[in-house]
Amino acid sequence: LRDNTALALQLCAAPGGSDLLKLTSQTYRNKGKRYAARMFGLESYVARFKDMCSRISQGSSLLMGFVRTSSMTQRAIASKKEKGAGNNCTHSDEEHADDGAEKCAAAQMAAVEKAAEKKKKKAQKAVEKEKKKTEARDKEMTENAEDSDDEMSMDEDDMKEIAKQGLDVVWRLGLFLIQSRLRKVCDLMITHESERLQKLNSLTSAQIKMHEREMAVALLEMGHTFKSVWEEHVAKNPNESGSPIKIE
2 LRDNTALALQ LCAAPGGSDL LKLTSQTYRN KGKRYAARMF GLESYVARFK
52 DMCSRISQGS SLLMGFVRTS SMTQRAIASK KEKGAGNNCT HSDEEHADDG
102 AEKCAAAQMA AVEKAAEKKK KKAQKAVEKE KKKTEARDKE MTENAEDSDD
152 EMSMDEDDMK EIAKQGLDVV WRLGLFLIQS RLRKVCDLMI THESERLQKL
202 NSLTSAQIKM HEREMAVALL EMGHTFKSVW EEHVAKNPNE SGSPIKIE
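For the working numbering, add 1 to where a residue sits in the sequence shown, where the first one is 1.
Derived from the structure by calculation, the hints contain no laboratory data.
Treat the hints loosely; a few may be bogus.
Said to hold, decoys possible - When the alpha-carbon atoms are kept at most 25 Å apart in a straight line, the in silico PhoX-like pairs for lysine-lysine are as follows: (1) K185 / K23; (2) K247 / K165; (3) K185 / K210; (4) K82 / K165; (5) K23 / K51; (6) K247 / K23; (7) K200 / K185; (8) K200 / K210.
Here the structure is a predicted model, which means the values were calculated and not measured.
All chains should be built: construct the whole structure from the sequences, respecting the hints.
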């Protein structure tokens with residue numbers, strides 16, 4: 002019992018240990034009840050049913066988490082695009098006014114230059130015209146790139162919320178995979194030991210079944226010890242559950 006308590010405390014001290022200890026205790030208790038076959042086997046059926054319900058609940062929770070994260074991301078991008086569209090409309094009106102003034106000034110300057118410099122060569126005009134086209138094209142490309150960056154970027158608060166939600170889903174997915182593997186390990190531990198004893202031909206079927214029940218009871222007691230340590234830890238640290246990585 003002391004070794005089990007020490008192992009539980011060691012697991013609890015690890016990053017995310019509270020959640021790890023909880024799922025380990027649940028798995029040990031369910032598997033112990035299943036193979037112990039107490040109460041004429043009724044406890045085994047109840048344990049299997051609870052285990053199946055737990056898997057369905059975890060799977061549906063993960064699916065809803067993925068959907069929620071995707072929805073939050075789409076809403077944040079759509080909101081940013083709407084704000085960007087409003088800003089672009091305002092800037093567009095100002096640019097039209099500026100363009101009108103610039104055109105008037107350019108027309109006046111052209112008239113003055115035309116009157117003062119009628120003998121300029123056509124080649125020089127062509128070079129100046131091409132230069133202006135190039136500058137206008139570069140300016141347009143720069144503005145389009147800035148607009149695209151504004152549309153794809155998101156507010157810092159939205160990014161934090163999405164990151165928190167996504168991190169929580171990834172953490173719960175990791176716990177789900179760990180618990181699935183732990184279930185398989187418990188099954189293999191008991192079934193392989195029974196198969197090994199059967200190959201020795203030194204024990205009867207009743208003795209092998211008794212040995213299997215003893216292993217299941219030991220696993221069940223270990224699960225209860227882990228649960229007690231977890232309850233004490235949660236009482237002292239109620240806000241420690243969840244991913245060990247925090248986003249401020």
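Each hint tested on the structure:
1. K185 / K23: Holds, at about 17 Å.
2. K247 / K165: Within the cut-off at roughly 8 Å; holds.
3. K185 / K210: This hinted pair holds, its Cα atoms lying about 20 Å apart.
4. K82 / K165: It holds: about 22 Å lies between the C-alpha atoms, which stays within 25 Å.
5. K23 / K51: holds (15 Å)
6. K247 / K23: holds (20 Å)
7. K200 / K185: holds (22 Å)
8. K200 / K210: holds (14 Å)
When held up to the earlier numbered hints, the structure conflicts with none and fits them all.
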